[in-house]
Amino acid sequence: MELNAISIGFVVFTIFTLGGGFGVVTTRNLFQGTIWLMVSLFGVAGYFILLSAPFLAAVQILVYIGAIAILITFAVMLTRSVTRVKTRYIRLVPSLLASLALFLILIFGVTMPIFGGVSPELAPATVASTRDLGAALVDENGYVVPFLLASVLLTGAMIGAIFIARDDSA
Amino acid sequence: MDEICTGLCRLMVDSGAEAGLAQFVSLLVGVLLVSGVPLLTVILLIWIERKVAARIQDRIGPNRVGPIGLMQTFADLLKLLGKEDITPTSADRLLYNVAPLVSFASVVLIWAIVPFTPFHYGVDLEIGALFFVAVASFGTLAIMVAGWASNNKYALLGAFRVVSLLVSYEVPLVFALLVPVMLAGSMSMLDIVNAQSGMWFVVLSPLAFIIFYISSQAETGRAPFDLIEAESELVAGFNIEYSGMKFGMFFAAEFLHVFTNGILMALLFFGGWMGPFYYESPLIAFAWLGAKGGVIYLTTLWLRNTVPRLRIDQIMAFNWKFLVPLSIANIVLISLALKLLQELNLAPRQLIGASIIDMLPATIVLLLINGALTMYLLGILRRRGQEARREAQAAPAQFARATAATAD
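Protein sequences, first through last, are from chains H and X.
Numbering of the first sequence is given in my numbering, commencing with residue 213 and proceeding in unit increments.
Numbering of the second sequence is given in my numbering, commencing with residue 486 and proceeding in unit increments.
Bear in mind the hints are in silico, worked out from the structure with no lab data behind them.
Note that beta-carbon positions come from the ideal geometry of N, C-alpha and C, so glycine has one too.
Check each hint, because a few of them may be wrong.
As the list claims (entries may be wrong) - So the derived list for chain X, only partly shown, Cβ under 7 Å to chain H, looks like this:
# : residue
1 : Glu611
2 : Ala619
3 : Ser622
4 : Met629
Make a model of the complete structure from these sequences and hints.
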């Protein structure tokens, strides 16, 4: 791999992603764990930029770091003993097996033609702009049905959350 | 390479420098310039802010150091730098020290997408408006981290209140931001400004501007939304444990954020650098942007020093029960009207380069819609005000009856 801006960026963002992930699983402090998670997610946003998908990168930061991670922080702070987690998870062998299995499945899934493989047509030479992405979401030949289904699902989830959290006496 | 390499870079290549190095150096100079402008502006802004606040409160303000007190901020800066850098023993060292940096960086990063003139900008991102929203969310994170890492219950309580305020007001802010994006048909800041050649967006949608103005005032934590500081209730909020330059960073970030919002509003709603003779010279264009941003900035200072602080429940109720529904209704109405007008050929499909005559019918229709919505809103507000007044008047009477009953 030749040394240029993209490869340097790839190395930096990989350090962010993997280092952040390592921090999440090693720290004994739940709050620091959430911060490491954000570092990791930030690295993933960097990958999107390297892949010429700035829209997805901005959404990644906005949704994961700006919204979900803040939500997790609130949840973590409401739990007891944030800084001193005493319980240790010691079943190393099953967790090692499970993570190895997941890793292998992902590697095979991406490289081997199990799920249809990677055909050259899937990676078009032209870079799709944000405008193309937006048009594809509302185009009847594109993804309008999944898009609408996802919207309905999210609305349903929101109404459900309000219904469960509602104070019945009021 | 030829297209990227212009200006300083071209000059260096012509005088015999290596192309890659020349490009790197010119990019570095650009980055330093774009981030240096806000860093230097903030020193002057602090002086302006203190002077304006003093005048509104019938004082003189800083007037001892230098002519009309201009050097006061430098003196303060030296004092802050010379102070002992205290980290509480039980604080989370790393996070405690990172939080002020993240807070300041989240504001400076916004300047990367600010187009100063038609030709001078840090970078013209395809997703400029979204970049602004994404970067601003780092500021919220910094406050949360600062409040928690200080290991002080007042700091944490302050951070909770502030973060809930910031997260809530981000919703109407983004919905209001969507209106210029929708009108321009692009998220690039350059396109948004160019699309206002026919008519400024503040005329097309004054309601979106007002929503954006209110929510950005809340995002910067200025009165009437100054829960961030609330000195009388929270000792100092999330930054109680900070001292020296780390404390200074939070404040510099806040001062700069207010001015940045002024510039952003000028770009999004007031046509940015558009004004008489802006095409003659980039300097004139830059002056127009500065003047528009400055006027908006001064109005926010005026507001800050005039109104009292609201309670947190009032702020939240105002946001979720008023601003959010209003911003959603505004988007729906404007997008419907715009599409109808375009179908009837009354509005240009491409706003960039449209003249004022092309925009006239669309402007009138959109203004009428905005006016109707405003009248409806004023009706709602009047009813709510009357209810609140009735309750307030009824309360003493009820109290008197209750005490009379117990006396019997």
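X/Ala619 was flagged as interface toward chain H. Is the shortest Cβ-Cβ separation under 7 Å? Result: holds, 4 Å to nearest chain H Cβ.
Does X/Glu611 pass the interface check with chain H, least Cβ-Cβ distance below 7 Å? Given a least distance of 5 Å, the restraint on X/Glu611 holds.
Chain H contact restraint on X/Ser622 - CB to CB distance below 7 Å: Where the cut-off is 7 Å and the nearest Cβ of chain H is about 3 Å from X/Ser622, the hint holds.
Against chain H, run the beta carbon of X/Met629 and see if the smallest gap drops under 7 Å. 6 Å, holds
In summary, the structure agrees with every hint in the numbered list given earlier.
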